[in-house]
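If you read the protein sequences in the order shown, they are chains V and S. Each residue of the first sequence is one higher than the one before, counting from 1 in the working numbering. Each residue of the second sequence is one higher than the one before, counting from 1 in the working numbering.
Source of the hints: derived by calculation from the structure; they are not laboratory data.
These stretches of chain V come out as covered by chain S in the derived footprint (C-beta under 8 Å, 3 or more residues):
# : segment
1 : 39-47
2 : 99-113
The calculated DSS-like cross-link candidates involving lysine-lysine, where the alpha carbons are at most 25 Å apart (straight line), are:
#  : chain 1 : residue 1 : chain 2 : residue 2
3  : S       : 49        : V       : 36
4  : V       : 52        : S       : 99
5  : S       : 99        : S       : 58
6  : S       : 99        : V       : 40
7  : V       : 36        : S       : 99
8  : V       : 52        : V       : 19
9  : S       : 99        : S       : 49
10 : V       : 41        : S       : 99
11 : V       : 36        : V       : 52
12 : S       : 99        : S       : 69
Glycine is no exception: its CB is placed at the ideal position from the N, C-alpha and C atoms.
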Amino acid sequence: ETGVTQTPRHLVMGMTNKKSLKCEQHLGHNAMYWYKQSAKKPLELMFVYNFKEQTENNSVPSRFSPECPNSSHLFLHLHTLQPEDSALYLCASSQIAEGEETQYFGPGTRLLVL
Amino acid sequence: AQSVTQLGSHVSVSEGALVLLRCNYSSSVPPYLFWYVQYPNQGLQLLLKYTSAATLVKGINGFEAEFKKSETSFHLTKPSAHMSDAAEYFCAVSTGFQKLVFGTGTRLLVSP
Numbered sequence: 001e002t003g004v005t006q007t008p009r010h011l012v013m014g015m016t017n018k019k020s021l022k023c024e025q026h027l028g029h030n031a032m033y034w035y036k037q038s039a040k041k042p043l044e045l046m047f048v049y050n051f052k053e054q055t056e057n058n059s060v061p062s063r064f065s066p067e068c069p070n071s072s073h074l075f076l077h078l079h080t081l082q083p084e085d086s087a088l089y090l091c092a093s094s095q096i097a098e099g100e101e102t103q104y105f106g107p108g109t110r111l112l113v114l
Numbered sequence: 001a002q003s004v005t006q007l008g009s010h011v012s013v014s015e016g017a018l019v020l021l022r023c024n025y026s027s028s029v030p031p032y033l034f035w036y037v038q039y040p041n042q043g044l045q046l047l048l049k050y051t052s053a054a055t056l057v058k059g060i061n062g063f064e065a066e067f068k069k070s071e072t073s074f075h076l077t078k079p080s081a082h083m084s085d086a087a088e089y090f091c092a093v094s095t096g097f098q099k100l101v102f103g104t105g106t107r108l109l110v111s112p
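Generate the whole structure from the sequences, applying the supplied hints.
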């Protein structure tokens with residue numbers, strides 16, 4: 001595997017379900033990100049992790065719970081979601097640096113909440 | 001705070017025609033600028049980036065962009081469109097510290 005991978009690619013869940021999204025980066029980076037991409041809206045940054053530590057939570061509802069066990073893996077645990085949470089969830093990684101940091105994205109998980 | 005404006009949510013060109021996708025940014029400090037492409041059902045792929053070296057930046061798939069500080073622009077061009085270029089294109093600005101601000105995207109449609 002190369003780059004940033006995400007599983008599953010598609011997920012359908014009911015509002016009472018619990019599921020998890022997984023992201024793995026094979027780039028040796030030390031920062032990972034979750035973004036939400038909804039139709040007609042700019043990408044929204046949800047969470048940032050540096051060296052496994054959460055450094056940003058962009059006012060995300062508690063029904064989204066991130067976990068970063070190491071610098072290569074990132075999870076997003078989902079529970080009691082709402083239909084408006086249906087979106088493409090993108091994971092990204094970067095190497096923390098002074099100045100320019102390029103973020104590399106995975107293919108995303110398309111989530112549908114019924 | 002930084003922001004990005006992409007003029008035109010949709011741009012249509014014929015195969016072989018010039019592609020021009022517009023991006024204007026706002027930043028209080030020298031920015032880093034990026035163009036990403038998103039094909040259907042895919043994530044974002046980096047096309048090119050400006051990091052204060054050469055103002056004309058060449059990317060993958062024949063795309064290039066020119067940083068114009070006086071116009072606060074970073075427009076994306078390709079001399080000759082190909083059917084495979086049909087996708088959504090996102091301009092993004094950063095001033096470091098892991099903050100990447102995206103525009104709302106421009107969907108490029110290529111007709112035969």
